[in-house]
Every structure is written in C-alpha cells, then in structure tokens.
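Engineer: Sequence:
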Amino acid sequence: MRRYGKTQRRRGNESIKMSEVIGIKHNQNIYDLCTASELHINGENIYFDNSPESLEIIRHSCAHLMAQAIKSLYPEAKFFVGPVVNEGFYYDFKVDSKISEEDLPSIESKMLEIAKKAYPITKSTLSRKDAEAKFANDELKQAVMSKIPDDKLSVYAQGDFEDLCRGPHLPNTKLLQHFKLTKIAGAYLGGDEKAQMLIRIYGIAFADKQSLKDYLFAIEEAKKRDHRKLGQEMGLFTFDEDIGAGLPIWLPKGARLRQNLERLLTIALNERGYEPVRGPEILKSDVWKKSGHYDNYKENMYFTTIDEQEYGIKPMNCVGHIKVYQSSPRSYRELPLRFYEYGIVHRHEKSGVLHGLLRVREFTQDDAHIFCQTNQIKDEVNHIISFTKSILDAFNFAYEMELSTRPEKSIGNDEVWESATNALKNALEENKIAYQIDEGGGAFYGPKIDIKITDALKRKWQCGTIQVDMNLPERFALSYTDENNAQVQPVMIHRAILGSFERFVAILTEHFAGEFPLFIAPTQVILIPIGDAQLGYARELRDEIIKIGGYAEIMDKNESLNKKIRLAEKQKVPLIVVIGAKEVESKILAIRDRREKAQYELSQAEFITTLKTKIGEVRF
2 MRRYGKTQRR
12 RGNESIKMSE
22 VIGIKHNQNI
32 YDLCTASELH
42 INGENIYFDN
52 SPESLEIIRH
62 SCAHLMAQAI
72 KSLYPEAKFF
82 VGPVVNEGFY
92 YDFKVDSKIS
102 EEDLPSIESK
112 MLEIAKKAYP
122 ITKSTLSRKD
132 AEAKFANDEL
142 KQAVMSKIPD
152 DKLSVYAQGD
162 FEDLCRGPHL
172 PNTKLLQHFK
182 LTKIAGAYLG
192 GDEKAQMLIR
202 IYGIAFADKQ
212 SLKDYLFAIE
222 EAKKRDHRKL
232 GQEMGLFTFD
242 EDIGAGLPIW
252 LPKGARLRQN
262 LERLLTIALN
272 ERGYEPVRGP
282 EILKSDVWKK
292 SGHYDNYKEN
302 MYFTTIDEQE
312 YGIKPMNCVG
322 HIKVYQSSPR
332 SYRELPLRFY
342 EYGIVHRHEK
352 SGVLHGLLRV
362 REFTQDDAHI
372 FCQTNQIKDE
382 VNHIISFTKS
392 ILDAFNFAYE
402 MELSTRPEKS
412 IGNDEVWESA
422 TNALKNALEE
432 NKIAYQIDEG
442 GGAFYGPKID
452 IKITDALKRK
462 WQCGTIQVDM
472 NLPERFALSY
482 TDENNAQVQP
492 VMIHRAILGS
502 FERFVAILTE
512 HFAGEFPLFI
522 APTQVILIPI
532 GDAQLGYARE
542 LRDEIIKIGG
552 YAEIMDKNES
562 LNKKIRLAEK
572 QKVPLIVVIG
582 AKEVESKILA
592 IRDRREKAQY
602 ELSQAEFITT
612 LKTKIGEVRF
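Here the sequence shown is numbered in the numbering used here, starting from 2 and rising by one per residue.
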C-alpha cells in the first residue's frame, strides 16, 4: 500500500490534506484525537494516509457512516457491532425491510451525501445505568452492553446518528470519500448459531481514490481466479450435498495434482531424514483427555461410540506420532527423530465459515513431528525454515513469518521457554527471513512460527506453522536415555509447511489462475489427433509420456480442429501437440507452449527428453 507524506489530493472543490493528524499511536495502541485528549495521551502522530494505523481509524469511521446511511434509509434499523476486519469493515444490524445486493448502491449514495455534510464526530461518556436507560428499547444495544465489563461506556455521535463504541474515529465525516460496499451476508448475533440472524454488510475504505481503484481491480481479478470456479471448470474437485458440506471430492485431475505435490514432498522428506508413519483416524477419547484436546478442543471434534467406548475422530496427528515414539525405548543417539504423515483429519467447522477448499471439515495435513533434545531445537527449526524456503521459492511465493511468544496462560519454566523462543528467533535471522513478533500469541505449551505467503494478487495466506511443544511430552511421560543413563524428557516440534493439501491447492489455483507450472500440472500435455488415422500414434506418444512420469490426455472427440484447440486451451494445460499425417510420418511434433506463449517444432525424441527435464527440474 502506498503511504503518502505531507501532500494534498484534490476531489472536486475539496482539498483533503494527507498531512492531517487523525490519531495518536501509544504503546502499540491506536487512539483517536478525542480519546487521546481525554486521557492526556502523547505519542506518535497518525496521519490521514494508507498506513495500517490510519486505515484502522478510517474504516471504523466508515462503518459508522454506513450505519448512519442505513438508519436514514431504514429508520427502524437497530445495530449490533461494526468492527474493522482484514477485508475492511462490516456492521451487523436488523431491519424490517428486505435488503439485498441491489440496495448497496443506494446506501453508498446516502453515505456520500452524509460525508459531504462534514459532521464533526464527537465522543461522550455515559454511566452504565444511563446507557442502559438510553438504550432500554434496543435489544441489540443491550446485547452489546452485556459484553462490556466497564462501568462507563462511550458513545460516538455524528449528525443525528450515535452508537455505543470505543473508537477510534476520524474527527470529521468529510474525510470519508473513497469507499465501496462489497457484499451482504447473514450473521448470527454474537456468532451464536442459536441466536437470531442479522444482516451483515461489508465494505472497504481508503484515504485516496487510486488505492480504492487498485483494490477493486484486485477484487475483480480474484473473482476470475476463484478456486471454486476454476476447480469446477478444470475438473479438479467438487462438493456434493448428498455427501455433506465441507467434504471435498477429488476428481482425477485434482487427485493427480495432489499426487504430484506428494511425490515431490516425499522425495524431499526422505532426503531430509524423515520417516513415514501413519496413525489411526479414530482414537479412544481417553488419549484425547490426556492430550488436553478433550477439554480445550472438544467442540471442534467428532465423536463416535464403539462397544460402549467413546472414540474421537482425530483433528490432529500429534497423538498418533507420540504413540510411534512410545513404541520402543529411545536413546539420545536416535535423536532427532523425524516422523511425517499425510494425515487425514476432521474438524467440526460451522457451516457459515466453509469456503471451497480453503475451509473444509476433512483435510490432509503435510504433517510432521520431530522429537529432539533441547539443544537441538535451533538446528531443527533451521532445517524446517530452509525446507520451507525451498518449497515456497519453487512456486514464486513471497512469504514472511510471525514469531509468537509466551502467553500469560502457559506451562513450563522460564528457562525452557526462553531457550525455545531464542532458537526460533535465531533460526529466522540466520535464514534472513523477515518476521514480526506477536507478543503473547504463542500456544500455552510453547512458542511458534506461523508461515504467511503472499500470492500474485498481493493477498496474504496463513499456511504452515512450526510449534515447539513442552506440554505433550510431559502429559504422555515421553523420555529418552541420555549419555549419563538418565531419563530425560524430549522436546516435540510440530510442523506443517503447506498447512493442508486442500488449502494449498486452493491458494496455488488462485495464485496461478489455474495455469499450474508444468512440474505439478495434473495434465502436462494434450494430444490432438486431426483424425482417426493419427489416433494410434497419439496413444503411443501418450504411453511414452506416462513412462517418464508425466501425464497426457488425448482429445479425440468428433469435433473440428479449431474447437479441439479451444477446448484444450480452456483447460490451461501447459503443452498442446497437434498430430496430423505429417507428424506421424516425420515424428516432428508441432507444439503450442502455453506458458512460453510460443509455437515450435521438436522431434519426438527431443520432445520426450525436454518434457522429462521439465518435469524433474524442480526439487524441494
């Protein structure tokens, strides 16, 4: 995002100063000018621009502007909350009228009309008693207040609109000129599926026109790249309500794509000393109680009863890998032990959050657990980060990592936590990986690194994770014999690089707009025989391609050559080979290279050699 300095941008007859101060940043907290003045807070000035701090204020203020417009158009409207989120902002509300996508432009027009009136945005403070009396007839406001423990509540007002809110807000509505309402959805009150359904309208806002324009362009491009759309068109996967929501069905092409990823990963894992293991998909609930999942993760799990014994369907692979470790006595000479599994897991996700392959109820993790000594943590994390780099670089992903440190509620002693955290930090720095620190964001059992990638549309995705765990080894009494013949507890490192095959395939599909690199493409070549006379040769060529580890399809439908070529191009396959009588006789192939955007000729032998090289040119 662009950050503007002390310049001016002009809209109509208005001049909006990008140098205008709209808030204060103090101790990593954002305060609007009203609150900063009220609390006598001094800090770093937040200017009206596209910095993250400024956008926090702009977008929250825009949420209130939207609510004011809705209240003007639908006087009966009642409002719940309107926070800033990753995709902009939203407001949850209810009205008697039916509101759809078609109504968003009229709400936007009203927002612009209100913004131009340049209402000052003011803050006042009420006692809880006065607030409850003021909003006695508004059950949504009562619901908001029930979640606020404070005795005093703040109210922000602009024109004839006011709402309970803690801010931060702009000083004036006139600054809100570059926004767009993006979608409308349903949302349960407070996220409770048993509560009433509200309307939720999302929006986006920026400090300047160009940033908004760029964002909207990216959104339209994202729609074209939507993996749900491309997945259906390209025959990668499908969903079927007869089977159940959030349960993907992999079609042949999608399954081949996954196999290609798995093949490359398996080679890389074997080269790096990982051992394949496999745990069962259902385990007695007793082990989930022992691991802590039963108490802390039960609502996300599925359970069944067999012979009057309760079993939990695994949401994670870690317990199975612990049992592999416990299958025999361990010595320090064996460590580190690296176990990996393409483990199928199930998690109970709410229907409202399911989203193609990005959020499903069944998925396969590229999971691994490393059991090591405390003094081996740094080297193991180093290896994982190096491994991660090699995979993400192969797909031209930009990436960053976030280090999450010890939370207030945690287990283990300070020395072990410090050692584990420093090991993660040193590994990141040695690998020259840019990272941010999430203070107190670690798991209760240990610090972690979250891997975030940036795709072709500059969107960030959370994928893999590296977690240092001192909790599960303690709960399961894991040990190894050290050089002094004493029993010592190992450290357990949880790691996934792709995160899950489902999520990673979704990201890859959108990143490449369905035009997968040849080395993982589900079909590398489409062979188009001009007529039946060339069909036999096409089959021979397909068999040769399969022998070298590739895959080719023959397009032999009774259609015109031009239509066959159009259909082949629609499938976004890297190479198209048209076979006529000349090609059969000469064994010189006419090739259309989609990724190179070129046409050329190669002998059959040259083509097979070249294809084999391209398939094998990427190693993780």
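Derived by calculation from the structure, the hints in this document are not laboratory data.
Each hint should be verified, as a subset may be incorrect.
[Unchecked claim] Derived Cβ-Cβ restraints for the label pairs, each shown as a range:
#, residue 1, residue 2, range
1, 29, 488, 41 to 51 angstroms
2, 274, 614, 43 to 53 angstroms
3, 219, 414, 42 to 52 angstroms
[To be verified] Below, computed lysine-lysine pairings styled on DSBU-like, alpha-carbon distance capped at 30 angstroms:
#, residue 1, residue 2
4, 117, 130
5, 26, 573
6, 118, 148
7, 148, 117
8, 210, 195
9, 390, 351
10, 95, 72
11, 285, 351
12, 195, 117
13, 72, 390
14, 583, 548
15, 573, 453
16, 254, 564
Where a beta carbon is used, it is the ideal one built from N, C-alpha and C, also for glycine.
Engineer: Which constraints among the numbered hints does this structure fail? Numbers only, ascending.
Structural biologist: Numbers 2, 4, 5, 6, 7, 8, 9, 12, 13 - these are the hints that the structure violates, sorted from lowest upward.
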